[in-house]
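**Student:** Sequence:
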Amino acid sequence: MKKIYILFSACVLLASSCGKQLIENPKSAIGTNTFYSNDAEAVLGVNGVYSWLGTSGGFKSSLWRALDEGTDVIRGRIWANDPVPTYQLTSFNPGYTSAIWTTMYRGISNANLVIDKVSKSAGVSKNIKDRVIGETKFLRSLYYYYLTGLFGDVVYYDETNYTIEYTQSLPRVSAADIREKLVDALTDAESKLPAKYSGADAGRATKGAAQTLLTKIYLWQQKWDLAQKKAQAIVDSKTYVLQASYADIFLETSEFGPEIIFEVDFEPVLNGHDHSAWYQPQKQVGVSPFASRSWYGTYIPYTTFVNTIEEDDKRRASIIATSYNNQPFQVDPVEQIKVWSGPKFWRLNTQQDNDGGLDMYVFRYADVLLMLAEAANENGDADKALWAVNEVRKRAFGAAGVFTAPLGQQAMRDYLFRERAVELYGEGQRRLDLIRWGKLVAAVKTAAATEDAYIANNIQDFHIRYPIPAIEIQKNPNLAPNNEGY
1 MKKIYILFSA CVLLASSCGK QLIENPKSAI GTNTFYSNDA EAVLGVNGVY
51 SWLGTSGGFK SSLWRALDEG TDVIRGRIWA NDPVPTYQLT SFNPGYTSAI
101 WTTMYRGISN ANLVIDKVSK SAGVSKNIKD RVIGETKFLR SLYYYYLTGL
151 FGDVVYYDET NYTIEYTQSL PRVSAADIRE KLVDALTDAE SKLPAKYSGA
201 DAGRATKGAA QTLLTKIYLW QQKWDLAQKK AQAIVDSKTY VLQASYADIF
251 LETSEFGPEI IFEVDFEPVL NGHDHSAWYQ PQKQVGVSPF ASRSWYGTYI
301 PYTTFVNTIE EDDKRRASII ATSYNNQPFQ VDPVEQIKVW SGPKFWRLNT
351 QQDNDGGLDM YVFRYADVLL MLAEAANENG DADKALWAVN EVRKRAFGAA
401 GVFTAPLGQQ AMRDYLFRER AVELYGEGQR RLDLIRWGKL VAAVKTAAAT
451 EDAYIANNIQ DFHIRYPIPA IEIQKNPNLA PNNEGY
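Be aware that the sequence shown starts at 1, since it is given in UniProt numbering, and climbs by one per residue.
Hints should not be assumed to be uniformly reliable.
[Claimed, not checked] Restricting the straight-line Cα-Cα distance to at most 30 Å, the calculated cross-link-like pairs of lysine-lysine (DSS-like) are:
hint : residue 1 : residue 2
1    : Lys229    : Lys445
2    : Lys238    : Lys394
3    : Lys338    : Lys314
4    : Lys181    : Lys238
5    : Lys338    : Lys445
6    : Lys129    : Lys314
7    : Lys181    : Lys223
8    : Lys126    : Lys196
9    : Lys384    : Lys196
10   : Lys394    : Lys475
11   : Lys314    : Lys394
12   : Lys238    : Lys223
13   : Lys223    : Lys439
14   : Lys126    : Lys238
15   : Lys223    : Lys384
16   : Lys129    : Lys181
17   : Lys338    : Lys439
18   : Lys223    : Lys445
No lab work stands behind these hints: they were computed from the structure.
Using the sequences and the hints, build the whole thing.
**Tutor:** Here it is as structure tokens:
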């Protein structure tokens, strides 16, 4: 699906979602009433809905930052003036969270248009119609998933009425109510989507992607039985397997691999992201090629997190680094940094900070196994929880490293708290996990206490949600009052 993020389709759909500010000459725009008249146009339409995932407000920059910054696993070297990870953001100074809000709603608006027009089109074949509607409902649900996880109660609208006149004055809907609607949409998507694609369609939303997002929502709802059954359905499908080597997952040759359930496609230089640049060591390490380059190098693992990675864990060499090519890193003379983020995301051949070409993995099979373990543990099924975590442990420690007996329920909770941080380091899961568990504030205070005291002092209970950007409330006063604390 290397060409799925098509500028043409994004521009066509932008015209429908952004109104007057983007259409200087409405007569020159493609008419949405006639555009979705055949299979090719329906596919082009959903391609535009995918495209928002790859923008700067999506996984190109802002969204992935929000999902891991300001948590208990990474700290930043140059965060003093960044309001988001330092918990200094306000409604009038929301940092990059405003871009996330705008981008998610543009994707939602595009999705509603596609669902509405394609479902009514007599010229689109049933197979393509079902698939496109399934893909689009998954994508719209994913956008709402991030909005509710990061902002809490937000505006909700779907294909039944998505005109600007209607949506610009809507009040917020509770995140709990929105998640119920997402369950319905994803259940329908699950019934319409194929298990796999081939050729140029590889990377589109699949049945497994819809099931994975459903599992995550069931965990938010604490519907343990439903979460366990849905995660088990993914396992039983035998569509996905763990890749033999953890390090190899993060090679470009592993994109669309057997472990990846859903990913956002990027290409070096032409359509890159800046994710890798934030994880690469800086000049201070004194080792080539870092000594002669100046990547962002912002993300440093917290010592408390590093200490949770066992010495014999095979993932350790991918997640953290103290040397390169057998040359020890010098200790940063100013900040005393001894341990840097490891080569999991390094791209040493990039010429610019935004040249990163590794696809952004949204869902992996290992994540599903750990969610299965969590749901089973809360559901009282200790044996299934043990099986699921051991599947992941086999790769990390070898067959001899598995647990030989079920853990107690609290012990399993504690284990999963650490294990999800390690297995999914830097993959956009940590913030929402901590919020869902009710542990964000306490975890950040503990991690930041000695290395980022100003963050430990800044973070408050209300920071589990971002503020609604003031500019959005100015445009729609019914969004008020803002989230508590803002």
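**Student:** Work down the list of hints and note, for each, if the structure agrees.
**Tutor:** So, going through the hints one by one against the coordinates:
no. : hint               : in the structure
1   : Lys229 with Lys445 : 35 Å, violated
2   : Lys238 with Lys394 : 18 Å, holds
3   : Lys338 with Lys314 : 20 Å, holds
4   : Lys181 with Lys238 : 28 Å, holds
5   : Lys338 with Lys445 : 21 Å, holds
6   : Lys129 with Lys314 : 45 Å, violated
7   : Lys181 with Lys223 : 15 Å, holds
8   : Lys126 with Lys196 : 18 Å, holds
9   : Lys384 with Lys196 : 27 Å, holds
10  : Lys394 with Lys475 : 53 Å, violated
11  : Lys314 with Lys394 : 10 Å, holds
12  : Lys238 with Lys223 : 24 Å, holds
13  : Lys223 with Lys439 : 19 Å, holds
14  : Lys126 with Lys238 : 27 Å, holds
15  : Lys223 with Lys384 : 17 Å, holds
16  : Lys129 with Lys181 : 21 Å, holds
17  : Lys338 with Lys439 : 27 Å, holds
18  : Lys223 with Lys445 : 29 Å, holds
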